[in-house]
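Engineer: Listed below, chain by chain, are the residues.
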Amino acid sequence: MRRLLYIVPALVFALIAAYLLAGLGLDPKTLPSAMIDKPAPAFDLPALADVAPALKTADLGGEVALVNVFASWCVPCRAEHPILMRLAAEKGVPIYGINQKDKPDDARRFLAQLGNPYRRIGVDADGRASIEWGVYGVPETFVIDRAGRIRYRHVGAFGPQDLDPILAMIERLRRG
Amino acid sequence: MRALLLALLLPLLLAAGPLAAVEPGEALPDPALEARARLLSRELRCLVCQNQSIDDSSAPLARDLRRLVRERLTAGDDDAGVRDYLVARYGDFVLLRPPMKPATWALWLAPPAVLLLGGGVALVAFRRRRLRPALPAELSTADRARVATLLAEPGPPERQP
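Residue numbers (my numbering), protein chains in the order written: chain A, 1 to 176; chain B, 1 to 161.
No lab work stands behind these hints, which were simulated from the structure alone. Any given hint could turn out to be false.
Covered by chain B, per the in silico footprint, the following chain A stretches (three or more residues, Cβ under 8 Å) [unchecked claim]: (1) 115-128; (2) 132-139.
SDA-like mimics (lysine to any residue), calculated; alpha carbons at most 25 Å apart, straight line [unchecked claim]: (3) A:LYS38 <-> B:ASP77; (4) A:LYS101 <-> B:SER58; (5) A:LYS38 <-> B:LEU96; (6) A:LYS103 <-> B:VAL48; (7) B:LYS101 <-> A:GLY23.
Glycine residues also receive a C-beta, built at the ideal position from the N, C-alpha and C atoms.
Isolated chain A, as found in the complex:
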């Protein structure tokens, strides 16, 4: 009985240590999405004139696609842009853009410089459509399945290491 009393604090410590240790492995910057497996939210955005047609909820679905939230003022967007270009050109993935809180001229210059991977671009001038998507930073990318549901969310810029998992996911959704 007495010996048990000495072991209890050690057990409590071990329990707390295990709990905190598990927490160390989590990335606090990557928030879980509340939108996974839900249909794309209702939104209807005007076009970025002279570049691409407008974007609304009904444009999504029918095909596995990416929805990418971007802005010319966002430095990581610049970094991930070549990967979006490759996905569009080499893999034929339809990519739809939500241009968040950008000046239209800046967005046009950004796409003229780096190329335009987007089929459609919705201008989200006040950021309200981004809130509908649960976006809290730029860039963010969503994978939409053929039923128009959100299946995957990537927070932050795509790096080369993110290409394979996203392609595998797209393949699986295309088949399934």
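Starting from the known structure of chain A, arrange chain B on it as the hints suggest.
Structural biologist: Then chain B, alone, in the frame of chain A:
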């Protein structure tokens, strides 16, 4: 002098309270609705800064969310409606006070559990101490004699300083 200055400034600092990031144009004309908006936005997390409420934060997203909260209140939403709207988009993480559900049981129950455990240990220790036999109040004559002989014996040589 410094103490006097501090004494004069301290009440001022205390009266100032936490500074809010609400900008002049944002406040609603209806004071009752604005008060509700302030209370609500103190419970909603700024998802960019993560450890501030949208009431505290000057991040652009926090400002947009403050506007959204006020729009929905003006449109006639109740407080739960506004919270649900944001939870549907950002998940429970947007609430600074997490809801009670299986995933958060550990979070909610750990503090009272630790308190109970600590209280239990303290109680056991306290009762043990009370059960221990008290020391006799006075030394017996035999003990006195023994103390006297021990004190009379020459002790070890004292160390020179």
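Engineer: To test your reading of the hints: which numbers does this structure violate?
Structural biologist: none
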